[in-house]
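Trainee: Build the full structure now, drawing on both the sequences and the hints.
Protein chains: 2
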Amino acid sequence: MPTAAPALTLAPSPEIPRRVPIALDARSYDILIGRGLLDDPASYEGLPRSALAAIVSNTTVAPLYAERLAAQLQGRHRRIETVVLPDGEDHKDWATMNRIFDALLAAQGDRKTVIYALGGGVVGDMSGFAAACYMRGVPFVQVPTTLLAQVDSSVGGKTAVNHPLGKNMIGAFYQPLRVLADLATLDTLPDREIRAGLAEVIKYGPIADADFFDWIERNLDALLARDPAALAHAVQRSCEIKAWVVSQDERESGLRAILNYGHTFGHAIEAGLGFGVWLHGEAVGCGMVLAAELSARLGLLDAGAAARIVRLIERAGLPVIAPVLGGAEDWLAHMRVDKKAEGGEIRFVLIDGLGRACMRPAPDALVTEVIAARSDPAVDAAARAAQPA
Amino acid sequence: MPTAAPALTLAPSPEIPRRVPIALDARSYDILIGRGLLDDPASYEGLPRSALAAIVSNTTVAPLYAERLAAQLQGRHRRIETVVLPDGEDHKDWATMNRIFDALLAAQGDRKTVIYALGGGVVGDMSGFAAACYMRGVPFVQVPTTLLAQVDSSVGGKTAVNHPLGKNMIGAFYQPLRVLADLATLDTLPDREIRAGLAEVIKYGPIADADFFDWIERNLDALLARDPAALAHAVQRSCEIKAWVVSQDERESGLRAILNYGHTFGHAIEAGLGFGVWLHGEAVGCGMVLAAELSARLGLLDAGAAARIVRLIERAGLPVIAPVLGGAEDWLAHMRVDKKAEGGEIRFVLIDGLGRACMRPAPDALVTEVIAARSDPAVDAAARAAQPA
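Protein chains in written order, with UniProt numbering: chain A, 1 to 389; chain B, 1 to 389.
You may find that some hints are simply not true.
The list treats identical chains as one, so a pair stands whether inside a single copy or across any two.
[Stated by the list, open to error] Calculated pairs, SDA-like style, for lysine to any residue (alpha carbon to alpha carbon, straight line, at most 25 Å):
no. : residue 1 : residue 2
1   : 340       : 275
2   : 340       : 297
3   : 340       : 48
4   : 112       : 333
5   : 112       : 84
6   : 340       : 248
7   : 112       : 94
8   : 340       : 174
9   : 112       : 344
10  : 112       : 173
11  : 112       : 139
12  : 112       : 24
13  : 340       : 103
14  : 340       : 374
15  : 112       : 174
16  : 340       : 173
17  : 340       : 361
18  : 112       : 314
19  : 340       : 276
20  : 340       : 352
21  : 112       : 373
22  : 340       : 218
23  : 340       : 190
24  : 112       : 95
25  : 340       : 230
26  : 340       : 77
Bear in mind the hints are in silico, worked out from the structure with no lab data behind them.
Mentor: Pasting the structure below:
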């Protein structure tokens, strides 16, 4: 597995758009990163014009940004339809997808209809999958408005909905035409979502770039305080690493799986607690702690480096103690339906020294030990208590 | 638009497998055509081995062939799961797709699970779409058991389910690894389905090959009598023409749309009567009559050639008089949601001389005239009467 991510391409300020290209032959596209992109006509240059554009968003984001996006699309499409979905991971299902299809069909959307995904990871994943399926594929543009979506989910073409038996089980690899990451949209993001997004930013350090890990350690307080220059750097570097990985392995037949560091344990937490109880980034943060611990017990990672990972996740305000769920067997059952599993064998993304990831199975006994050492029934109780009745 | 289909590659007998390659770079594959392929281990050579294979079929076809297919897969997969769907176009929906996903997840299907689609067009379209979506894509093999599926729907990677507002509205372009067209499976096919399949065979003449049209005129009685040599020739020539078209335009951005000759009117009939009341091939047969008539009124096709098309469809036992549905506006509304429509403008596949197709819009008034001349309320009444209460 290649160990070196490409060098950083630094742009001078958060205001000036930065361009990170994703090289995928005919499906290549750019990620644009900068403050104020949403309202800048230049952001839309070269995107297709057609009779209908559909803005897909949710009840939280649409009131903030849908009109501003529609104003920019006005000259490019004769009609603009806005589809507002209920907010949250527990609506990431086929029934919600159908609301998009119903709206497209009612508005006589055709194969040239352009879908704009305006929102976080859930909106992006569902809009992208709807674009992949509607009339067997229509063009779409990602306009991510959460940190998590800007650094991870909007980039790389993974789209999906959840199935009751597993997260993101039903989906497609389908690339957008462009990603517009307007850093100004992060201003309205709740702190909890900034922290959840930082989980995916932190992820890129251990798997691909030890220097970036050092940088995050030094700049975490600035990131939590939403310092514009710090956020611009974090988003750009995250996208560069993701672009490098995705360009080499679009359909996750090898290298790309390293982007799932923390996700195997994380998915078990999300499925076990019920989707949406913890934010995806929170579950991934805790999952990275467990995977770091497992890497250490397998002798891949020294104890000091594992402790640095745990400490950084903790400083970001993310959970570092997991729920117990239904016990070890329950954890293992959730992880066996992970998409990286093969023939029922769970394959973990592990850290083989800071900045380098590998994939391998691990003995059930060792996995169970790690979960036992790092979980607490009080976490389950708190999660249950935090849920609306 | 290219006008010449490639020359026919003749194989000596229906028993010896014929191979029609579909050239799509990394997604290239072969259609194998012959009697007895299902039970011949050579048919499966080179297909992937893995822990799980899922045979997706329906209540009609599974009892006839699922065990024989499973016997061939036994040595290639540790476990074989058979998923039996309800039969018929009215089950071609997302709820039925979910039965496939539920079975795959319950059987711990992973990304290496191979899906075998055993049945007609509905089974093939749904299994293929399930393969496209499950864990964002798993390998699949088409084993078409109807004439319609062997000459059309199993070839070329179009997969889909219906939406209440339109047929095949939700789907994907997703190519199989191989198509195994065992002509012996046609022995058990009801006459009505042979006739419906012949609609798609006949289609290839007017759009691409006047000589093939002549051949069908001369051999229609042999085809209706299921003469093995005639069927082998019809399936092979149909697949060759389809392979030629699909290889040039996989995602239907141009040429491929000619394969939808008769389908714009046909979809309106299916949607208007209710999916499944007429077989797809019956609706397409009648649709080709209307489209031939429209071609003649637009001055593209001489009256003699149009009459030959109508006569051949009639001799095949297919309907040549359409239902009235809810009147002209109802027809137009159904056709405006056709996937070939753009910005609400209906685009028809028309015949520009036997053996040559073109795509263009037509004045609503002229379309309405054609429908009025070629429809009869008695057809609607008969369709209603034939439906189970």
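Trainee: Confirm or reject each hint.
Mentor: For each hint, the structure was consulted:
| no. | hint | verdict |
| --- | --- | --- |
| 1 | 340 <-> 275 | within (19 Å within a copy, 39 Å between copies) |
| 2 | 340 <-> 297 | within (21 Å within a copy, 58 Å between copies) |
| 3 | 340 <-> 48 | between (36 Å within a copy, 18 Å between copies) |
| 4 | 112 <-> 333 | between (43 Å within a copy, 19 Å between copies) |
| 5 | 112 <-> 84 | within (21 Å within a copy, 36 Å between copies) |
| 6 | 340 <-> 248 | within (18 Å within a copy, 35 Å between copies) |
| 7 | 112 <-> 94 | both (23 Å within a copy, 24 Å between copies) |
| 8 | 340 <-> 174 | both (19 Å within a copy, 21 Å between copies) |
| 9 | 112 <-> 344 | between (41 Å within a copy, 11 Å between copies) |
| 10 | 112 <-> 173 | both (19 Å within a copy, 16 Å between copies) |
| 11 | 112 <-> 139 | within (7 Å within a copy, 29 Å between copies) |
| 12 | 112 <-> 24 | both (22 Å within a copy, 24 Å between copies) |
| 13 | 340 <-> 103 | between (34 Å within a copy, 18 Å between copies) |
| 14 | 340 <-> 374 | within (23 Å within a copy, 56 Å between copies) |
| 15 | 112 <-> 174 | both (16 Å within a copy, 20 Å between copies) |
| 16 | 340 <-> 173 | both (15 Å within a copy, 24 Å between copies) |
| 17 | 340 <-> 361 | within (10 Å within a copy, 48 Å between copies) |
| 18 | 112 <-> 314 | neither (46 Å within a copy, 37 Å between copies) |
| 19 | 340 <-> 276 | within (22 Å within a copy, 39 Å between copies) |
| 20 | 340 <-> 352 | within (18 Å within a copy, 52 Å between copies) |
| 21 | 112 <-> 373 | neither (54 Å within a copy, 33 Å between copies) |
| 22 | 340 <-> 218 | neither (33 Å within a copy, 55 Å between copies) |
| 23 | 340 <-> 190 | neither (32 Å within a copy, 44 Å between copies) |
| 24 | 112 <-> 95 | within (24 Å within a copy, 28 Å between copies) |
| 25 | 340 <-> 230 | neither (33 Å within a copy, 48 Å between copies) |
| 26 | 340 <-> 77 | between (41 Å within a copy, 19 Å between copies) |
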